[in-house]
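Novice: Sequence:
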Amino acid sequence: MLQELSHMDRITQLQDEIQQLLTIMSSSIAYLTSRANFKQVSPDIPVTKQRNPDKYDPPDVFEANKKELVTDLIVKAKQVEYLIQSLPEPEPEEEQVSPPARSWARPLTSRPPCQAQRLQALEQEISQANEEYIRAVDRAKNLYQEVSDILRTMLDEPDLADDSPG
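The sequence shown begins at 0 in numbering that gives the first Met the number 0 and counts up by one.
Take these hints with a grain of salt, some might be off.
Derived DSS-like pairs (lysine-lysine); straight-line CA-CA distance at most 27 Å [unchecked claim]:
(1) K75 - K48
(2) K77 - K65
(3) K38 - K54
(4) K54 - K66
(5) K65 - K38
What follows is a set of in silico ranges between Cβ atoms, one per label pair, in the way DEER data are often shown [to be verified]:
(6) T47 - V74: 52 to 62 Å
(7) I28 - E130: 50 to 60 Å
(8) S147 - Q123: 15 to 25 Å
(9) D8 - S33: 32 to 42 Å
(10) I10 - E130: 29 to 39 Å
(11) V74 - E130: 50 to 60 Å
(12) R117 - Q12: 23 to 33 Å
Hints were generated in silico from the structure; no laboratory data involved. Here a beta-carbon is modelled for each residue, glycine too, at the ideal position from N, C-alpha and C.
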């Protein structure tokens, strides 16, 4: 159980890190599109629009910021990759049956149950618990009926009330 919680914690961490990675990517794109000046990339296509100088960063500042954004993206991507690597291997969904060629070729360790086997075992446990629950509810109904009958009998007999000392 503790190990499953640990895996869930890693999954939560992974979700948080991916969210942060997406935030960094979004912020990077917003910065690059809003703080860059237009630049002619082809001699055949002239630049027809200029930005106000206070709306874009000077080339050296822009390059430094680009490098910082790339570094942030790489660091966050490596953190995501590390968390992915730390997750446990997924269970096989179904048992792959391939009998060994020789009896001595069987593995010495027992394999963990596959997902299908675990789900089947859980389904059996749930079915058994449901049957126990139904029996308990039936028993409670029977006991309630018995107590109700006894109380009704006691209240319906007038001579029991007359026999009381007093």
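Novice: Each of the hints needs a verdict: does it hold here or not?
Specialist: Results for each hint:
Only pairs whose Cα atoms come within 27 Å are accepted, and K75 paired with K48 is rejected, the gap being roughly 35 Å. Our distance criterion of 27 Å between C-alpha atoms is met by K77 and K65, whose separation comes to about 18 Å. Among the hinted pairs, K38 with K54 is consistent with the structure: their alpha-carbon atoms are about 15 Å apart, no more than 27 Å. Pair hint K54 plus K66 holds up; C-alpha atoms about 20 Å apart against a cutoff of 27 Å.
Proposed proximity of K65 and K38 is supported: the alpha carbons are some 16 Å apart, at most 27 Å. Our hint of 52 to 62 Å for T47 and V74 is violated, since their Cβ atoms are close to 38 Å apart. Range check, I28 to E130: Cβ separation about 58 Å, and the 50 to 60 Å hint holds. Between S147 and Q123, the C-beta spacing of about 36 Å breaks the proposed range 15 to 25 Å.
Distance hint check: the CB atoms of D8 and S33 are about 37 Å apart, consistent with the given range 32 to 42 Å. Checked against the hint of 29 to 39 Å, the pair I10 and E130 passes, with Cβ atoms roughly 34 Å apart. Under the hint 50 to 60 Å, the C-beta atoms of V74 and E130, about 55 Å apart, fit the expected range. The hinted range of 23 to 33 Å is satisfied by R117 and Q12, whose Cβ atoms lie roughly 25 Å apart.
In summary, the numbered hints that this structure violates are 1, 6 and 8.
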